[in-house]
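For the record, the sequence lines run as chains A and B. Just so it is clear: in the first sequence, position 23 is 23 by my numbering, and no numbers are missing. Just so it is clear: in the second sequence, position 141 is 212 by my numbering, and no numbers are missing.
Don't read these hints as lab results, they were simulated from the structure. Remember, predicted model here, so these are calculated numbers, not experimental data. Some hints here could point you the wrong way.
SDA-like, lysine to any residue: derived pairs with alpha carbons at most 20 Å apart [as the list claims (entries may be wrong)]:
1. B:273 <-> A:12
2. A:33 <-> A:69
3. A:33 <-> B:217
4. B:273 <-> A:33
5. A:33 <-> B:136
6. A:33 <-> B:294
7. A:33 <-> B:219
8. B:234 <-> B:294
9. B:273 <-> A:16
10. A:33 <-> B:255
11. A:33 <-> B:140
12. B:96 <-> B:117
13. B:133 <-> A:31
14. A:33 <-> B:216
If you anchor each label on the Cβ, the simulated ranges turn out as follows [claimed, not checked]:
15. B:275 <-> A:45: 28 to 36 Å
16. A:23 <-> B:299: 16 to 24 Å
17. A:3 <-> B:109: 45 to 53 Å
Note that beta-carbon positions come from the ideal geometry of N, C-alpha and C, so glycine has one too.
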Amino acid sequence: MPRYFFHLQGTRPYHDDGGVDLRDDAAAWAEAKRFARDIEGSLQPGDIWSLEVSRDDRLIYSLSICARAFD
Amino acid sequence: MPVGLFSKRVQDAVGLSPTDLELLKALRVTERTLDNREPLCRQGDASTQCGVVHAGFIASYKIANDREQILAFYVPGDFPDLQTLFLPVSDHSVVSIGRSRVGLISHSDLKNVLAASPNLANIFWRETTIQATILREWICNVAARDALSCIAHLLCEIAFRMKAVDLLTDDSFQLPLTQQDLANASGISIVHVNRTLQELRKRRLIRWVNRTVTLSNFEELKRIAQFEPDYLLANSA
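Here chain B stands alone, though its shape is the one from the complex (with noise of 0.2 Å):
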């Protein structure tokens, strides 16, 4: 199903109707290829198609002060650029972090799908609730949380949103990021990712080999991060 993992996600959390997953599964969708740091859209662009991810990791970013700041990460199931639905010229950029796979929808067909059905777009709106949501949590993170639990907080949300789409195996997940990306995404330097992480793994709470986070001790990591989850809208919470 070309938006599978959005739908099993939307299916768990509040229920689709046979319909509407028909609409879905009707939907016209170019499979499409990311390499590592290639961009599904670019501040500046007027977009006509918004991307689903199949697999792999996505973030969206913009320059400010000529520093890349990370607004977002998406995982299989998300639309990454689904605002550009409604905005003439992105406002921002979205990459590929590491290999990605996403299935291209067209602007008119989805809009088309969601004039057929209030229920979908109701549901396209909720998606909408929860990037806000979190954005939210992000605030937080950059402004309010130590580095240690917007670190923790950032990795419990990775995981929780991988197990609504059944990529957590064991409490441990695949994450391309480099410690670049999460400086980015925190607004912590570099030195100090870096220092936050070795404290992290030697309190025994990640282990952090190649691409794959083992969250070895979730509860004290959720503890520190001072993690609830609710504001992610998922039922596997």
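If we strip away everything but chain A, and leave its shape as in the complex, we get (with noise of 0.2 Å):
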């Protein structure tokens, strides 16, 4: 099975040294979608960050959130 990483940049950066061994692409999609959903939990407004999923070395999606407040 391939290997994929999971970096965030942002406001929270995090790097995934360890990476994780998952089926395909279509599956590494499905665990950035449910990635993106367990963070959001502490996502402040003014809050910028970015998901960045790599088979390997290459970097194949891409996620953005971006929070604003406007008062």
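Grab the two chains, each in its own frame, and use the hints to assemble them into the complex.
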């Protein structure tokens, strides 16, 4: 199984050193959505983050969230 | 004794009369060893027997939306598939995590014992109540607790259940779960399970080396988990 890495850039960066072995890119996308939901709980207005998913060294998906407050 | 750890836990919690203890001791039990991930029962099976865990670790699960959702963990002294007694066909699967040993008791023998002793019938009813109270906590884990308190809650719960059967030593216990299993039990992504365990380690609340988990600061872990052990109906709380 290929190994996927899930790195976070932005307000609270996280570098995924170990990675996760997953069946294919579709499984990695499902995992990315779930991970995005997990970290959404700590989202604050003003936060900007993006989740970058790579298969080994190759970037295959990114998912960005930008939270703004206007008042 | 074939159902020794079960009897011990029940004896400590609510007591057992000598007659009931004899009835349990006299149950015919077939020993079976399960390898890692070997099923004890599969969804769709018509079971004719129940297993009691002698050693190791068992999980039940269902597949929903292509994902394995772990529904419960079982430790020595537990009856993982007790509910098959009333299910013509099992609605979920039960599998060994790591190698385990179980004792199999036929449904008809178990039903005879429950008919012979109203007190034992109550005790097995109580057992399914404990399984239900645990499930309620797990619904809170999956739907309401944040990742840190959810994982902390799972670890506190397993530690307390191990303690009730003397398998907790200096706040350490054997845990053959993978991070994927924790993800499947909590509904948290495996990446976030990994980050959460790192956070628990960084705060010096747990150590997890090979298959041994040590709760380095049990009191603080309980506080983070908002863990109240009353729902386990054990006397060791």
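Cross-check of the supplied hints:
Restraint check: the Cα-Cα separation between residue 273 (chain B) and residue 12 (chain A) comes to about 17 Å, which is no more than 20 Å; the hinted pair holds. Taken as a hint, the residue 33 (chain A) and residue 69 (chain A) pair is broken in the structure, with Cα atoms around 24 Å apart against an allowance of 20 Å. Between residue 33 (chain A) and residue 217 (chain B) the alpha-carbon distance is near 17 Å, which keeps this suggested pair within the 20 Å criterion. Restraint check: the Cα-Cα separation between residue 273 (chain B) and residue 33 (chain A) comes to about 26 Å, which exceeds 20 Å; the hinted pair is violated.
Restraint check for residue 33 (chain A) and residue 136 (chain B): satisfied, since their Cα atoms lie roughly 14 Å apart, inside the 20 Å limit. Only pairs whose Cα atoms come within 20 Å are accepted, and residue 33 (chain A) paired with residue 294 (chain B) is rejected, the gap being roughly 30 Å. Among the hinted pairs, residue 33 (chain A) with residue 219 (chain B) is consistent with the structure: their alpha-carbon atoms are about 19 Å apart, no more than 20 Å. Using a Cα cut-off of 20 Å, the hinted pair residue 234 (chain B) and residue 294 (chain B) holds, with the two alpha carbons roughly 19 Å apart.
For the proposed pair residue 273 (chain B) and residue 16 (chain A), the alpha carbon gap of about 16 Å is at most 20 Å, so the pair holds. With a CA separation close to 15 Å, the supplied pair residue 33 (chain A) and residue 255 (chain B) stays within the 20 Å bound. Taken as a hint, the residue 33 (chain A) and residue 140 (chain B) pair is honoured in the structure, with Cα atoms around 17 Å apart against an allowance of 20 Å. Proposed proximity of residue 96 (chain B) and residue 117 (chain B) is contradicted: the alpha carbons are some 26 Å apart, above 20 Å.
For a cut-off of 20 Å, the pair hint linking residue 133 (chain B) to residue 31 (chain A) stands: about 19 Å separates their Cα positions. Between residue 33 (chain A) and residue 216 (chain B) the alpha-carbon distance is near 19 Å, which keeps this suggested pair within the 20 Å criterion. In this structure the hint that residue 275 (chain B) and residue 45 (chain A) lie 28 to 36 Å apart at CB holds, the actual value being about 32 Å. Hint check: residue 23 (chain A) to residue 299 (chain B), Cβ distance near 39 Å, so the stated range 16 to 24 Å is violated.
In this structure the hint that residue 3 (chain A) and residue 109 (chain B) lie 45 to 53 Å apart at CB is violated, the actual value being about 27 Å.
The earlier numbered hints that this structure contradicts are 2, 4, 6, 12, 16, 17.
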